[in-house]
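Colleague: With chain A held as given, fit chain B onto it using these hints.
Chains as they are written, first to last, in the numbering used here: chain A, 1 to 122; chain B, 1 to 222.
Misleading hints may appear alongside valid ones.
Per label pair, the in silico range of CB-to-CB distance [what the hints assert, rightly or not]:
no., chain 1, residue 1, chain 2, residue 2, range
1, A, K100, B, L209, 44 to 52 Å
2, B, T49, A, K100, 34 to 42 Å
3, A, R86, B, L144, 51 to 59 Å
4, A, A111, B, D189, 44 to 52 Å
5, A, C62, B, L144, 21 to 29 Å
6, B, A191, A, T84, 45 to 53 Å
7, B, L151, A, P26, 18 to 26 Å
8, A, P112, B, A63, 47 to 55 Å
9, B, D155, A, P11, 28 to 36 Å
10, A, P11, B, Q174, 47 to 55 Å
Stretch by stretch, here's where chain A covers chain B in the computed footprint (C-beta under 8 Å, at least three residues) [stated by the list, open to error]:
no., region
11, 88 to 97
12, 142 to 149
If you're looking for bench data, these hints aren't it; they were derived computationally from the structure. Keep in mind that this is a model prediction, so the values were computed, not measured. We treat Cβ as the ideally placed atom computed from N, Cα and C, and that holds for glycine.
The residues making up each chain are set out below.
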Amino acid sequence: MTGAEEQDAMPTATLLIRRGGPDAPPRHQRFELRFEPGESILDGLRRLRIAQDPSLAFRYACLNANACKECMMLRDGAVIYACTARLEAREMRLDPLPNKALVRDLATAIAPPDERLSTQDT
Amino acid sequence: MEVAPIAHYHMGGIRVDTRMRTGVPGLLAAGEAVGGANGANRLSGNAITEAFAFGRAAGREAAAMVARREAPAFDPAAATAALALVGAIGGDAPNPAALVDALQRAMAEHAGPFRTADSLLRARAAIAALRGRLGAAPPGVPGLGHDLARLDWFDLRQMLLVADCVVTAAFARQESRGAHQREDFPQTDPAWTLNQALTLDPVSGQLRLSRQPVATDAAAAA
Chain A
1 MTGAEEQDAM PTATLLIRRG GPDAPPRHQR FELRFEPGES ILDGLRRLRI AQDPSLAFRY
61 ACLNANACKE CMMLRDGAVI YACTARLEAR EMRLDPLPNK ALVRDLATAI APPDERLSTQ
121 DT
Chain B
1 MEVAPIAHYH MGGIRVDTRM RTGVPGLLAA GEAVGGANGA NRLSGNAITE AFAFGRAAGR
61 EAAAMVARRE APAFDPAAAT AALALVGAIG GDAPNPAALV DALQRAMAEH AGPFRTADSL
121 LRARAAIAAL RGRLGAAPPG VPGLGHDLAR LDWFDLRQML LVADCVVTAA FARQESRGAH
181 QREDFPQTDP AWTLNQALTL DPVSGQLRLS RQPVATDAAA AA
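If we strip away everything but chain A, and leave its shape as in the complex, we get (with noise of 0.2 Å):
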């Protein structure tokens, strides 16, 4: 097998994911990564932003370490922490979290409004 042949059959995790703010009709841009066991669903939202998209905005602040639940979005869904929950060689859907006022993609407002140091950044 040739290193292209073996590079076609690595199978591929899809993203996809949300795009844009609050004042934009709601749409999903998707996303192919090149799918690797072990790796979190914030290992590859990283890897896109160093590989394909750097503007693409989610929350992470503690790297995999499950303490700061800053990286809380929806999967297919479902409530989950993007580094705790495993890429999959199949595709998922990524949202902000519905009651959350969004600020883009999948980051939204999680202090609480009276804890921010100003309304226009959150």
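Modeller: Okay, now just chain B, sitting in the frame of chain A:
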């Protein structure tokens, strides 16, 4: 299961006095941001202890400053350059997330716990190349919520300075001690029982390296 080492603590940091005061009037520092509390190697678990112990000292000093009605003088002129950068529009840096990743890879490969003069020179070259690619202004515009590309650019700017500090100090210290293992100087050298301090020259932008003694028991008894 895949297992790999990661950087999870930084032993270098800001120089403070025993009241946690920095060289900037009114600015206190405590915890991992401060250098020196752990010597040449940190024992696992000491970071929280350090944050609590020195955080208490910093809190007491902050309260005392308020009680003394000690307001640090703020010079708006000194902030001009930084404010201009924060408000800058549309730099043309390549993908800042990819540049951050490149710096992390270069430092992990060339400036990890095991280093040599050659590897540190490679790290220095990588830092210089990334500085060139960073450009003079952040991408995007100010005010967009959670703009990770723009935040990455500012992060990378500071990460390059920290990386430069790490490499400069590690290159100068021609011995092995604690978490600093120079494979070209594998022995601990008693002559290196000292701290290195780095100062950023505000005019030239260059780092200046100096040495200062460590307070040993012998020195304290003398």
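Colleague: For which of the previously enumerated hints does the structure constitute a violation, in increasing order of number?
Modeller: Violated hints (numbers, rising): 3, 8; every other hint is consistent with the structure.
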